[in-house]
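Line order of the protein sequences matches chains A and B. With the first letter of the first sequence counted as 1, position 34 gets the number 34 in my numbering; the numbers rise by one all the way through. With the first letter of the second sequence counted as 1, position 114 gets the number 114 in my numbering; the numbers rise by one all the way through.
In case anyone wonders, no lab produced these hints; they're calculated from the structure. Hints may contain errors.
[Unchecked claim] Below, simulated EDC-like cross-link-like pairs (lysine to aspartate or glutamate); rule was C-alpha separation at most 20 Å, straight line:
(1) B/LYS239 to A/ASP84
(2) B/LYS282 to B/GLU194
(3) B/LYS239 to A/GLU282
(4) B/LYS12 to A/ASP84
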Amino acid sequence: MSEFLIRSLDASTIFTIAALGELIGQRSGILNVGIEGVMLFGATLGFMAAQTTGSYLVGFLVGIAIGALLGLLHGFFSITLGGDQVVSGMGIWILGFGLTTYIGNPYTGPLGMDRIPSVLGVSPFFFVGLLLVLLTWFVLSKTSLGLRIRSVGENPSVAEVSGINVSRTRYLCVVVSGMFMGLAGAIYSLDYNPVWNYNFLMGWGFISLALVFFSMWNPFILLGGSLLFGILWQLSLNPQLVLPGLLSRYLWRTVPFVITIAVLLLISTKWFRSRWGAAKPEALGQPYVKQ
Amino acid sequence: MRLGSTELKLEKRLTLSGWQAALISVLAIVFALLIFSLIFILADVNPLIAYQKIFSYAFVNPHGLPLTVNRFIFLLFCTYAFIIPYRAGLWNIGMAGQFYIGALATYAVLYAFGAKSFNNSNLSPVVIIPLMLLAAGVGGAVLGAIPGFTKGKYNISEIVVTMMLNFLTFWLVAQMIKEGGLFMNPGGRGESFEMPASLHAPLIADIPFTIFLVLAFALLLYYMFAKTKIGYQIRAYGKNPAAARYAGISALKIPLLVFIMGGALAGLAGYHYFAAVPGVYKIARNYGYFGDLAFYGIICGLISQGNPLAAIPVAFLFAGMSNGGRFVQGELSLGFGIDYALLGVLMIALVAFQFFYRYSIVWQRTEKEISDVGIPN
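Isolated chain A, as found in the complex (with noise of 0.2 Å):
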């Protein structure tokens, strides 16, 4: 039970990280629905890198590396060239879905290298995760620097009347948000599960993007949230845990996208929004043209 407990500590992690990526981008204003395709892209590149050197190290900077180079075309595509960032989000993920399965195809299988080593019992991972909730909390709401971020979500243009670089700020943003998203792909493919195969990731990216909108943009209820599908999809990778013989194995593999689509139905009603203030960014996903 308690390794069924850490584990789901470990997914929940990469949810977390990943989610908060996007939460970032979208407090300034700018939609990302291509998270799937940045953290198979983080994911794929940072499984060769370690594979090759030898070096955990390498993996991972080469994940947070592809991350900010796929967070600065996004920035590229909706902040310099003004267009639909659903598109441009499409793109990303597809880009990433096709490219991903062709070149990292030699590498199928198994990482061969030795497992991180855990601290206190969880994935190291899982302490990287909650400091960087903390960190992402108090930047966004205890510093200048975030109160600039989130002017320039809410309304564009009075942040740019009021001095604030509008387009510097966003690129930030968008890059910082890639780095995250390539991190959370590298811990999947090289900690919570070191074996590559093609479009591994089974939509963890999307209920990430599904998260943020979940969690009001607000980091804690983002972790809570990235716990409750961490466990959730645990408990349906571990069916003779709850309910053995219930249903075949290929049933249960359906589990977790039945429960994924159940609470969000949950935390979509009337009556489960008004409980929350929501803090949505005005001017998410409208390019901003400075007049």
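Based on these hints, arrange chain B on the given structure of chain A.
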């Protein structure tokens, strides 16, 4: 950028004609193929030879061309599954799942008529084929109704829900056709039972009749968007959901309707591929590959800008390129996934070229010394 007395300037487009859009799309595809050459070069393959092989296999070769045509029918159904919600500003990326359910529903009809246990030649194709088509459409529509409903009623991101349903239905197919499943092949090869020969779809010049079906839908959809009230409502909702609500268009009806229609068409793709394509006639072991291929529908839909008629040549081209890509992968012993990589590169090139839907590059004589050239940011 300046060259002598002329300068290169970006100008915001006020209108975009169909021909301009087509030109931009062609440029995007050419650009993507140029970028994609890098992948061939990195694999020590001459890109010119690779492209020559891709196109000749896809569009000339007597073995390749029928595969391209069948893939084209499949892809056009998937493109329409994307286009209908897209015109309402919604993203259906669940065509893979709706396609799986269409396939399952088709085989459910066969199963219900006892086609699995005994090879019953008394089964009348005149009754069963329409039933299979109907079941496939309804199956896809029911799956499509889920994201339509959750979007319309609870405003849940349709992107997330459709993606979850893709994975869910992938495992549902495995449940039905793999060990112990209802539709399992008696030989147990991880595929479904084969359909009786009497129920094979009618072929016209070796092409399944589904080609007429999908082309009829092309006209029907074109007519719907151009001339009907519901088409107008869908477009109005896509332009501005809030304004459409004020105009009395139901916020639930449109998302639900477009997803039901889109899902039904993706469901028909499931009938087409596993019950009408010569030589298949069962839910194949690699059904997941076709699910992945369904994502080409997103690119076709975006390139054709939601125009059902423009989607026809685009789907034909991409059907051929993915088919040829798969062929050269074996022919030139490249790694697995060339057609996936092509999908990715095409998509990102298209995203980049979307910019030119809004801006054009013009050469202008410079009149003033100082000119502020650049993209507004």
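Now the hints, each set against the structure:
Between B/LYS239 and A/ASP84 the CA atoms are separated by roughly 13 Å; this keeps the pair inside 20 Å, and the hint holds. The hinted pair formed by B/LYS282 and B/GLU194 meets the criterion: a straight-line CA distance of about 5 Å does not exceed 20 Å. Between B/LYS239 and A/GLU282 the CA atoms are separated by roughly 19 Å; this keeps the pair inside 20 Å, and the hint holds. In summary, the hint linking B/LYS12 to A/ASP84 is supported, as the alpha carbons are separated by about 16 Å, within the 20 Å threshold.
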